[in-house]
Amino acid sequence: MNVSKKEVEHVAALARLALSEEEKILYTDQFNVILEYIHRLNELNLENIDPMTHVQQLRNVLRKDIAKGSEKELVVRILEESPGKEKEKGFFSVPPVIEGFEMEE
Amino acid sequence: MSPEYEVVIGLEVHVELLTESKIFCSCPNRFGEAPNTNVCPVCLGLPGSLPVFNESVLELAVRASLALNCTVSSYSKFDRKNYFYPDLPKAYQVSQYDFPLAKEGFLDLLKDGRSIRKVRIERLHLEEDAGKLIHDQKESISYVDYNRCGVPLVEIVTAPDLRSPGEAHLFLDWLKKILLYTGVSDCKMEEGSLRCDANISLRPSGTETLGRKVEIKNMNSFRAVQKGLEYEVIRQKQILRAGGRVAMETRRWDEEKGVTAEMRGKEEAHDYRYFPEPDLPPLMLDENFLSRMKGELPELPEKRYLRFMESYGLSPYQAEIITSSKNLADFFEDTLLHYPHSQKVSNWLTGELFGLLKTSVKEIDDIPLTPLHLGELLKILDEGTLSSTLAKEVLEESFLSGKLPREIVQEKGLLQISGEKELLLIVEDVINNYPAAVKDYSDGNKKAVGFLVGQAMKQTRGQANPQVITELFKKRLGK
Amino acid sequence: MNLYEKTAYDAAMALEKKEVTSVELVESVLGRISEVEKNVKGFIHLIERETILEEAREIDRLRAKGQRSSILAGVPMALKDNMCTMGIPTTCASRILEDYRPPYNAHVTEKLQQAGTVLIGKANMDEFAMGSSTENSAFYPTHNPWDTNRVPGGSSGGSAALVAADEVFFSLGSDTGGSVRQPASLCGVVGLKPTYGLVSRYGLIAFASSLDQIGPLTKDVRDCAMVLEIIAGNDSRDSTSVPREKESYSSYLGRDIKGFKVAMPKEYFQEGIEEAVRESVMNAVVLCIKLGVEVEEVSMPHTSYALPCYYLVGTAEASSNLARYDGVQYGFRAPDQDNLIELYLKTRSQGFGSEVKRRIMLGTYALSSGYYDAYYLNSLKARTLIRQDFENVFQNYDLIITPTSPSPAFVRGERLDDPLTMYLSDIYTTTANLAGVPAISIPCGLADGLPVGLQIIGRPFDEGRMLQFCFALEKMLGFKGLKPKISADGVLKDVS
Ligand SMILES: [Mg+2]
Ligand SMILES: [Zn+2]
Numbered sequence: 001m002n003v004s005k006k007e008v009e010h011v012a013a014l015a016r017l018a019l020s021e022e023e024k025i026l027y028t029d030q031f032n033v034i035l036e037y038i039h040r041l042n043e044l045n046l047e048n049i050d051p052m053t054h055v056q057q058l059r060n061v062l063r064k065d066i067a068k069g070s071e072k073e074l075v076v077r078i079l080e081e082s083p084g085k086e087k088e089k090g091f092f093s094v095p096p097v098i099e100g101f102e103m104e105e
Numbered sequence: 001m002s003p004e005y006e007v008v009i010g011l012e013v014h015v016e017l018l019t020e021s022k023i024f025c026s027c028p029n030r031f032g033e034a035p036n037t038n039v040c041p042v043c044l045g046l047p048g049s050l051p052v053f054n055e056s057v058l059e060l061a062v063r064a065s066l067a068l069n070c071t072v073s074s075y076s077k078f079d080r081k082n083y084f085y086p087d088l089p090k091a092y093q094v095s096q097y098d099f100p101l102a103k104e105g106f107l108d109l110l111k112d113g114r115s116i117r118k119v120r121i122e123r124l125h126l127e128e129d130a131g132k133l134i135h136d137q138k139e140s141i142s143y144v145d146y147n148r149c150g151v152p153l154v155e156i157v158t159a160p161d162l163r164s165p166g167e168a169h170l171f172l173d174w175l176k177k178i179l180l181y182t183g184v185s186d187c188k189m190e191e192g193s194l195r196c197d198a199n200i201s202l203r204p205s206g207t208e209t210l211g212r213k214v215e216i217k218n219m220n221s222f223r224a225v226q227k228g229l230e231y232e233v234i235r236q237k238q239i240l241r242a243g244g245r246v247a248m249e250t251r252r253w254d255e256e257k258g259v260t261a262e263m264r265g266k267e268e269a270h271d272y273r274y275f276p277e278p279d280l281p282p283l284m285l286d287e288n289f290l291s292r293m294k295g296e297l298p299e300l301p302e303k304r305y306l307r308f309m310e311s312y313g314l315s316p317y318q319a320e321i322i323t324s325s326k327n328l329a330d331f332f333e334d335t336l337l338h339y340p341h342s343q344k345v346s347n348w349l350t351g352e353l354f355g356l357l358k359t360s361v362k363e364i365d366d367i368p369l370t371p372l373h374l375g376e377l378l379k380i381l382d383e384g385t386l387s388s389t390l391a392k393e394v395l396e397e398s399f400l401s402g403k404l405p406r407e408i409v410q411e412k413g414l415l416q417i418s419g420e421k422e423l424l425l426i427v428e429d430v431i432n433n434y435p436a437a438v439k440d441y442s443d444g445n446k447k448a449v450g451f452l453v454g455q456a457m458k459q460t461r462g463q464a465n466p467q468v469i470t471e472l473f474k475k476r477l478g479k
Numbered sequence: 001m002n003l004y005e006k007t008a009y010d011a012a013m014a015l016e017k018k019e020v021t022s023v024e025l026v027e028s029v030l031g032r033i034s035e036v037e038k039n040v041k042g043f044i045h046l047i048e049r050e051t052i053l054e055e056a057r058e059i060d061r062l063r064a065k066g067q068r069s070s071i072l073a074g075v076p077m078a079l080k081d082n083m084c085t086m087g088i089p090t091t092c093a094s095r096i097l098e099d100y101r102p103p104y105n106a107h108v109t110e111k112l113q114q115a116g117t118v119l120i121g122k123a124n125m126d127e128f129a130m131g132s133s134t135e136n137s138a139f140y141p142t143h144n145p146w147d148t149n150r151v152p153g154g155s156s157g158g159s160a161a162l163v164a165a166d167e168v169f170f171s172l173g174s175d176t177g178g179s180v181r182q183p184a185s186l187c188g189v190v191g192l193k194p195t196y197g198l199v200s201r202y203g204l205i206a207f208a209s210s211l212d213q214i215g216p217l218t219k220d221v222r223d224c225a226m227v228l229e230i231i232a233g234n235d236s237r238d239s240t241s242v243p244r245e246k247e248s249y250s251s252y253l254g255r256d257i258k259g260f261k262v263a264m265p266k267e268y269f270q271e272g273i274e275e276a277v278r279e280s281v282m283n284a285v286v287l288c289i290k291l292g293v294e295v296e297e298v299s300m301p302h303t304s305y306a307l308p309c310y311y312l313v314g315t316a317e318a319s320s321n322l323a324r325y326d327g328v329q330y331g332f333r334a335p336d337q338d339n340l341i342e343l344y345l346k347t348r349s350q351g352f353g354s355e356v357k358r359r360i361m362l363g364t365y366a367l368s369s370g371y372y373d374a375y376y377l378n379s380l381k382a383r384t385l386i387r388q389d390f391e392n393v394f395q396n397y398d399l400i401i402t403p404t405s406p407s408p409a410f411v412r413g414e415r416l417d418d419p420l421t422m423y424l425s426d427i428y429t430t431t432a433n434l435a436g437v438p439a440i441s442i443p444c445g446l447a448d449g450l451p452v453g454l455q456i457i458g459r460p461f462d463e464g465r466m467l468q469f470c471f472a473l474e475k476m477l478g479f480k481g482l483k484p485k486i487s488a489d490g491v492l493k494d495v496s
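Protein chains in written order, with the numbering used here: chain A, 1 to 105; chain B, 1 to 479; chain C, 1 to 496.
Honestly, the hints are just simulated from the structure, not real lab data. Hints are not guaranteed to be accurate.
[Claimed, not checked] Each pair of labels, with its calculated beta carbon distance range:
1. C:Gly449 / A:Arg40: 31 to 37 Å
2. C:Arg244 / A:Glu80: 37 to 43 Å
3. B:Phe289 / A:Lys89: 44 to 50 Å
4. A:Pro51 / B:Gln137: 26 to 32 Å
[To be verified] Restricting the straight-line Cα-Cα distance to at most 25 Å, the calculated cross-link-like pairs of lysine-lysine (DSS-like) are:
5. B:Lys257 / B:Lys217
6. C:Lys346 / A:Lys5
7. A:Lys89 / B:Lys138
8. C:Lys346 / A:Lys6
9. C:Lys346 / B:Lys132
10. B:Lys362 / B:Lys326
11. A:Lys68 / B:Lys362
12. A:Lys64 / C:Lys18
13. C:Lys65 / C:Lys18
14. B:Lys132 / A:Lys89
15. B:Lys217 / A:Lys72
16. B:Lys257 / A:Lys68
17. B:Lys81 / C:Lys381
C-beta atoms are modelled at their ideal positions from N, C-alpha and C, and glycine is treated no differently.
Required output: the full structure, derived from the provided sequences and hints.
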C-alpha cells in the first residue's frame, strides 16, 4: 500500500500541522519506507486474536465523589502562564473562531 | 386519508449528572461561578495530568440506564474522541465508543392514560463535558471558561422512533421526569444540564426506508425542540413536494427568527480517530452490583402515573400533575395515610396548595406544611365545624408557619358555631341593631335577609354556620 | 577518589557516617559539572547554585538533628525534563514548552523531594521522548561521555550521560520503547524500566500512555534498587497505578541466584546484532552458568513484530497526547495569527521538531478512518501475541536474558536522516513495554572501548528478583569501576 502526498496532506490537516512542500515530499517518502516495514504485521494471522486495549487486569478504578475547591493560587499561576489576552479577567483567550471556515481534512 | 409523508425523528440527549465533583477530578461540579475558578491541572488538561473516574458518576449513569430499561454492559470502556477546539483542553473528549455503558432500552411514551409508543433507546454512554467559549465579535477575540470542562455527562441516543415534533416534546417530558425521579440530573435546560439535538427525516407514508436526515442543534427548551422540528417538517415537505432532495446537513435552530439555518464550522463531518483511552482501566459490572442498583430505584413516574389512575381513581390529568414530581406524588400518598379520600386530597393538593406554591414560588419539599397538616385539615372539614373559606385561611397559615390546623383553629377560635341557642342570641342582637333592615324585610324585600346574615357573620368573625343562621332569621322574622 | 565518583549508596553511607555533608556532595558535583558539562550537554536546565546549596544545608541541618527522611537524603540527582517540577522549567526538550513552568509536581518529583534528595537540574532528552539518540532535543544534542562524538542513546540520553559522567549520583528517565535501557546500555550505566503500573505516571508528560514508565538510571544495581524503592508505589492520581504492598528491593541484594532458570530467546540474537555485542552478552551468559543459573535457548516467535507494533501503538497514542499543544492555554503560541485555525497550524508547525511531527502524522494516519482496522486494531492484536510470548516463557523460566541494544553508541548524525534505522535501535527493548513487564539493562562489557548493555526481563512486579540476579551478575562482570575518561577539556583518555 502506497501513501500519496495527498494523503500526507490530509493527515497533516487532521493533526493541525502546516507542512512545507519539502516536508510533504520527505514525509511521503519516509512514510512509505516505515509503512512497508510495518506491513510485516500482515504476516500474522490475527483473525481470532483479542486486541490488547489495556496492559493490566485493573478494573473499576474509582474515586470517591468528593469535591475540593480549586486552589486559587494554582489557577492564578496557570493563567499567568497562558499565552492569551485578558488573563486578569480570569479568562483564557484565543483569536476568533471563524464561522464557516472549513479545514480540508 | 393518511398524510402523504411520515415524520421520523431520533433524539440525542446530553444530560449533566448531579454529582459533587467532576467526572475525572475533584473540582466542584457547580454551575454559574466566576470563570475558570472550578479548574485544576486535570480538567485543564495540563501536561502530565491524569484522569481518575468518579464513583458517583457510575452509579448515577447506571441508575439512568436501568430507569430507561437498558441492558447495562458487564464490560465497558472509555475511548478518546479526538478533535481540536478551544473548549476542549486536551483536544480529545473522553467518551465511550464501541462498548457503551448501556444499550437497548426503551421509554414508554404515555399520554391520556395510555401508552402511545415505545421509544427504543439505542445506547447510553458516559462522557465529559467541554468548556464554554464566549465570542466577542467587536474585539475579535474568543474567551474560554473551563469551569464546565469535565462535568460528567451521559449521552442518551434514541432509535428513530418518534413520529412527530409533539412526540419529541412528550419524550423529553417523560425523560426529564425519569431523570428527576431517580436523582440523576436536575435537567435544567436553561443551565445546559439537559441538551438535546434531533435528527429528522421524512418518508412517503407506508414506506420503511429512512429518508435523508437533517440534524438540528441549538434548541434551548423543550418548546424549541418542538418548534424547530415543526419548522423542519414544513421545510422538508416543501423540498420533497417540489421534487427536490433534502441535503444531509446540520442545521441550527434560530429561536428569534423561528427558522433553522445551515450550520458551518466546527460541526462539519469529522474524523474523530476514536481509540481506547489508555489512562483509564475498563469497567466490569457484576450482577450483584446491578441488582443492588435495581433495588435502590424508586418507583418510576410511568408506573406511578398508571397506578394513581387505577388505585386512586384519578383522572389522567390529575394523575399527570400529581406524578409530575416524585416529591409531589409522595406528598399525595403520604396525605392519604392520614386522610384516605384520594379525590378530596387531589382537589386540595392541585387546587389550593398549588396556588400557594405558585404565589410563593416554592417547591412542595421546601415548605413547613406536611401531609399530616393537609390530612388533619381535611378531617376537620369533614367534621363540619369549619367553613371551607376558613379552611383555606387555615391552610395558608399552616403553609407559612408549619402550625397544625387544629392548633390554628383553636388559637383563633375559628370553629363554626352551629348551635341554635348560641346563634339565636346573635340573631336577636342583629335585629335590635338594624331595625331599618328588619323593616325592609317585613315590607317584602326578602333579599334584606342577606344583609342581616352578613352582619351576623361579621359579628362572629365568620364562625357562624351560614345555613343555620339564615334559617333562624327567616323563622324569627316570619316568611 | 573524588566525592562525585561515588555511587549514590556510598555517598549515602558517607553522609550517614558523617564523613561528608550534603553541601560537600553538592559542591563536588557542581565542580564536576563546571568541568565536563560543556562537553556532555546532559542538562537542559540547571537549578541556581544558591538554591541547591540552601536545600543541601537544610538537609544537613535536619540530619544533624537526627532527622533524615530517607537513606538518600542529601544526595544530588537529576530528572528527565518530561517530569513536572513546580515552578521549574519542564520543556520535554521542545520549543512548544520552552518557557513552560508546571504549577504542580509529578508524583516522582514529590517522592524524591520527600526522600530529601537534591534536584540539581533537568536532563536533556529527545523531544517528547521521541528518539534513540537525544539528537532530537530542540536545544542541543547530548554527547556520550565515553566518546563525545557519539550519541548517548535516547530518549533519556541526558539522564544516562549525567550519571555516566558523574555529574549526578543518579537520575530518572522514562521508558516508552527502551528510552531508559538503551541509553543506559550506550552510556555504561544501570537503567530499569519497571512493570507498567509500578511507578505513578502522574506528572510525567505523556508520550504513549500505555507504554510509558519512569525508571532509575544509576551507577550500579544497588543504587537502582534504592531509587526504585523511593519512587515505586500506588498513587491514587494515576488510575493505571497498581495497588500493591511496598517492597524492599534492597533486601533481595546479595541473595544466592543458584537455580534461577533463565531463557535466552534466539530471536534477540538474530536481526541486526553487532558481533561485539553478541560476544559480550554471551560472555555474561557463560558467567551466569558459572553462578549456577540454568540458561536455555527458547523461541519468542513474535519478537520481530514488536517494533512495527510499537510504532503504531506508540505513535497513535502520541498523536492524541500531543494534540493539547495548540497554543491555547500554555506553552508556545506562534505570533501573528488572525484566527483560530492559523493559531493551531502555526503554533504546532513552529513548536514541534521534525521527528515529533513525523510521529504525530504516523499516529494520526494509523487512527484515521479507513486505516484504523488495518493498522491500529491489528497492532493491538499483535500486542496480545507479543504478551503471550512472554507469558509462555515465564511459565517455565524466571527471567529472560537478551542484549539491550543491537549496537554500542553510534556516531552523532549517522542515523538522523534514516528514521527506520534509528527506530531499529529499539528492536530489543520495545517488547517489554508492549507486554508491560519489567526490564533492566546493566553494563556487561566494552566493545572497542564502548559499553555494551545486557537486558534482563522479568515477570510483572518481579523487580526484586531481577535486581537480585543483576546484583550477583554485576559482581562477576567486572564492569563496575570502569569509568569514561572524560576530562575537563572534553578529550578522552584511554580506558584503563
Ligand atoms: Mg457526545
Ligand atoms: Zn479539575
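Now the hints, each set against the structure:
Distance hint check: the CB atoms of glycine 449 (chain C) and arginine 40 (chain A) are about 35 Å apart, consistent with the given range 31 to 37 Å. In this structure, arginine 244 (chain C) and glutamate 80 (chain A) meet the distance hint of 37 to 43 Å, their C-beta atoms being roughly 39 Å apart. A beta carbon spacing of about 45 Å between phenylalanine 289 (chain B) and lysine 89 (chain A) agrees with the range 44 to 50 Å that was offered as a hint. At about 47 Å, the CB distance of proline 51 (chain A) to glutamine 137 (chain B) disagrees with the hint of 26 to 32 Å.
At roughly 15 Å between alpha-carbon atoms, lysine 257 (chain B) and lysine 217 (chain B) fall within 25 Å of each other, so this suggested pair holds. Distance restraint check for lysine 346 (chain C) and lysine 5 (chain A): the Cα-Cα separation of roughly 20 Å lies within the 25 Å cut-off, and the hinted pair is therefore satisfied. A hinted pair counts as satisfied when its Cα atoms are at most 25 Å apart, and lysine 89 (chain A) with lysine 138 (chain B) qualifies at roughly 17 Å. For the suggested pair lysine 346 (chain C) and lysine 6 (chain A), the alpha carbons sit about 20 Å apart, so the restraint of at most 25 Å is met.
Annotation: proposed proximity of lysine 346 (chain C) to lysine 132 (chain B) holds, straight-line Cα distance about 24 Å (limit 25 Å). Restraint check for lysine 362 (chain B) and lysine 326 (chain B): satisfied, since their Cα atoms lie roughly 15 Å apart, inside the 25 Å limit. Between lysine 68 (chain A) and lysine 362 (chain B) the alpha-carbon distance is near 30 Å, which puts this suggested pair outside the 25 Å criterion. Restraint check for lysine 64 (chain A) and lysine 18 (chain C): the C-alpha separation of about 46 Å exceeds 25 Å, so the hint is violated.
Pair hint lysine 65 (chain C) plus lysine 18 (chain C) holds up; C-alpha atoms about 12 Å apart against a cutoff of 25 Å. Proposed proximity of lysine 132 (chain B) and lysine 89 (chain A) is supported: the alpha carbons are some 15 Å apart, at most 25 Å. A hinted pair counts as satisfied when its Cα atoms are at most 25 Å apart, and lysine 217 (chain B) with lysine 72 (chain A) does not qualify at roughly 36 Å. Proposed proximity of lysine 257 (chain B) and lysine 68 (chain A) is contradicted: the alpha carbons are some 43 Å apart, above 25 Å.
With a C-alpha separation of about 21 Å, the suggested pair lysine 81 (chain B) and lysine 381 (chain C) falls inside the 25 Å cut-off, and the hint holds.
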